[in-house]
Amino acid sequence: MAGRPSSARMIRLAGPLKLLTQRFAFLSLLALSLGLLALGRADPQMMERGRAYIVDTSAPVLAMLARPIEAVRGAIVEGQLLLSLYEQNQALRDENQRLRDWQTAARRLEQENVALRTLLTLRPEPRTAVVAARVIADGGGPFVRTLVIDAGVDAGVEDGNVVVDGSGVVGRITAAGLNSSRVLLLTDLNSRVPVRIEGSRQRAVLAGDNSDRPRLAFLPATVKVRPGDRLVTSGDGGLFPSGLPVGVVDAVGADGIRVRTWSTLEALEFIRVVRYDARPLSLDGIEDEDGPVQRRIAPKSPVPGQPVAPPVTPIAAAPPEPLVDQALPASAMPPANGAALANPGAVAPQAQPAGSTTTTTGGDPADGSLDPEVIDRPE
Amino acid sequence: MRSPFARRLISVVAGVAPILIALLCVIIGVLPLNLPGIASIGPALTLMAVYYWSIFAPLLLPPPAVFLVGLVQDLLGGGPIGLNALILLAVCGLVVNQRRVFIARAFHMAWFGFMLISLGVAFVSWGLVSLFNMSLLTPAPFLVQSGLSIALYPVSSWLFSRVHLDPAYRA
Chain A
1 MAGRPSSARM IRLAGPLKLL TQRFAFLSLL ALSLGLLALG RADPQMMERG
51 RAYIVDTSAP VLAMLARPIE AVRGAIVEGQ LLLSLYEQNQ ALRDENQRLR
101 DWQTAARRLE QENVALRTLL TLRPEPRTAV VAARVIADGG GPFVRTLVID
151 AGVDAGVEDG NVVVDGSGVV GRITAAGLNS SRVLLLTDLN SRVPVRIEGS
201 RQRAVLAGDN SDRPRLAFLP ATVKVRPGDR LVTSGDGGLF PSGLPVGVVD
251 AVGADGIRVR TWSTLEALEF IRVVRYDARP LSLDGIEDED GPVQRRIAPK
301 SPVPGQPVAP PVTPIAAAPP EPLVDQALPA SAMPPANGAA LANPGAVAPQ
351 AQPAGSTTTT TGGDPADGSL DPEVIDRPE
Chain B
1 MRSPFARRLI SVVAGVAPIL IALLCVIIGV LPLNLPGIAS IGPALTLMAV
51 YYWSIFAPLL LPPPAVFLVG LVQDLLGGGP IGLNALILLA VCGLVVNQRR
101 VFIARAFHMA WFGFMLISLG VAFVSWGLVS LFNMSLLTPA PFLVQSGLSI
151 ALYPVSSWLF SRVHLDPAYR A
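The listed protein sequences derive, respectively, from chains A and B.
Numbering follows the numbering used here, in which position 179 of the first sequence is assigned residue number 179; successive positions increment by one, without gaps.
Numbering follows the numbering used here, in which position 125 of the second sequence is assigned residue number 125; successive positions increment by one, without gaps.
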């Protein structure tokens with residue numbers, strides 16, 4: 001008898017109490033979110049490190065889920081290509097002819113360049129090494145322009161490395177995890193890249209603002225810029241190698257000078273991370289795993305029978321991608337043999353990241369290693 | 001007749017399904033889904049999930065779960081950490097308090113409610129991100145995302161209801 005009124009009171013009390021706890025829990029969660037936001041503002045480094053760890057753990061899941069999507073996308077692209085096979089073929093033939101002329105020119109210039117450099121004993125360009133990677137996630141929501149790729153510190157990727165695709169600069173690494181990294185795209189609000197107008201010494205900064213076309217900032221008012229002017233990285237600040245293609249001036253108007261980037265940043269599948277060793281190397285007497293550096297910098301006269309770049313053959317023989325996107329041969333293939341070209345280290349990471357990747361010199365002449373003999377074999 | 005074990009299992013699965021679906025929405029949201037030529041902005045899938053469950057079954061997606069979903073989205077998405085957690089929690093709180101308005105018999109009422117919420121979220125997140133970056137962003141991407149979400153709400157709402165109203169819940 002005595003228990004009944006008290007238990008009834010307890011029930012009457014339990015309701016409001018539960019409500020109160022729920023209220024409290026809800027409000028503390030809100031406060032926690034706000035606190036996280038404030039902390040991210042105050043100490044972005046710490047938050048990014050935490051984020052890199054979480055992304056690392058979920059990278060395998062993301063990579064697994066990205067595959068079927070890639071397959072579907074590949075099928076769509078291939079379908080489109082099939083429809084215009086004849087025109088494609090014609091265009092590629094023309095392009096091939098043009099590129100062969102360029103190759104001849106490039107070889108001649110490369111030799112001349114080396115000769116002149118030797119003559120001048122010029123300080124050599126810093127070495128660059130390349131890691132190929134797959135895009136496994138892109139930015140969530142309308143306020144960031146980032147990607148997640150499936151290569152991290154294990155493959156030799158470091159914070160600040162430059163990310164390129166076949167057509168030009170994509171962005172740079174902002175947070176490198178163990179086996180995944182986040183790429184800040186050129187279009188992101190926080191992206192600032194020192195650039196130079198090709199053919200002049202005029203420097204400026206390419207500033208992203210989350211729109212599709214980043215803005216050219218810090219250009220002196222006296223400098224005339226016209227739509228169609230090409231931009232390359234200037235190498236200022238030492239983060240980016242000099243001379244990488246970035247984009248082209250699209251419009252000069254009221255909202256500043258707008259730039260169209262060469263690479264289509266919204267639909268990237270594969271990218272290459274350029275490890276840029278700003279510490280210059282002396283040409284003579286320097287060796288690494290692949291032998292003396294001098295030999296690889298010197299112009300290659302392809303000797304028949306000497307396998308210069310054996311893994312190239314299957315890639316050059318592969319469907320049209322290599323030509324559409326000629327500087328991206330590694331990416332057009334599944335990693336099993338594709339990664340082997342650009343980056344043997346990505347498949348079997350070694351202790352020394354710098355040596356675990358195919359090294360090339362001074363950025364672009366890299367393509368000199370794709371010997372005509374090897375490329376032309378399918379014909 | 002199902003065995004007690006099977007019933008228990010089903011009820012457990014049914015109990016965590018909303019959280020799993022919301023997390024799946026996060027993953028789908030960050031996957032590189034964009035086909036060539038289509039802009040990189042997708043609909044706010046998590047917002048739809050949180051809105052739906054806050055109206056129809058708030059106990060299955062309580063505030064801690066909403067917080068978790070928002071936080072995971074922030075971590076994977078690359079934006080300011082805590083932003084989506086804050087916004088989704090606010091939406092959850094608002095909708096749960098006003099359930100009776102949204103739960104009205106007709107579907108278009110819920111859709112209209114989602115439209116208001118989605119536009120509100122676009123405005124608030126634009127303001128917060130601008131504040132976070134200390135610079136005024138172009139509001140267009142936020143509105144595009146909001147418009148996409150509003151347009152796709154009927155579809156995802158129908159998909160959620162397939163799970164939510166599945167007979168398993170009553171087993």
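Just so you know, the hints here were simulated from the structure itself, not pulled from any lab data.
One or more of the hints may lead you astray.
[Said to hold, decoys possible] Here are the computed lysine to any residue pairs in the SDA-like style, where the Cα-Cα straight-line distance is at most 20 Å:
#1 A:18 to B:14
#2 A:18 to B:93
#3 A:224 to A:237
#4 A:18 to B:59
#5 A:18 to B:94
Hints and how they fare:
Between residue 18 of chain A and residue 14 of chain B the CA atoms are separated by roughly 24 Å; this puts the pair beyond 20 Å, and the hint is violated. At most 20 Å may separate the alpha-carbon atoms for a hinted pair to count; residue 18 of chain A and residue 93 of chain B meet this at roughly 16 Å. At roughly 24 Å between alpha-carbon atoms, residue 224 of chain A and residue 237 of chain A are farther apart than 20 Å, so this suggested pair is violated. Annotation: proposed proximity of residue 18 of chain A to residue 59 of chain B holds, straight-line Cα distance about 14 Å (limit 20 Å).
For the given pair, residue 18 of chain A sits about 19 Å from residue 94 of chain B by alpha-carbon distance, which is consistent with the 20 Å threshold.
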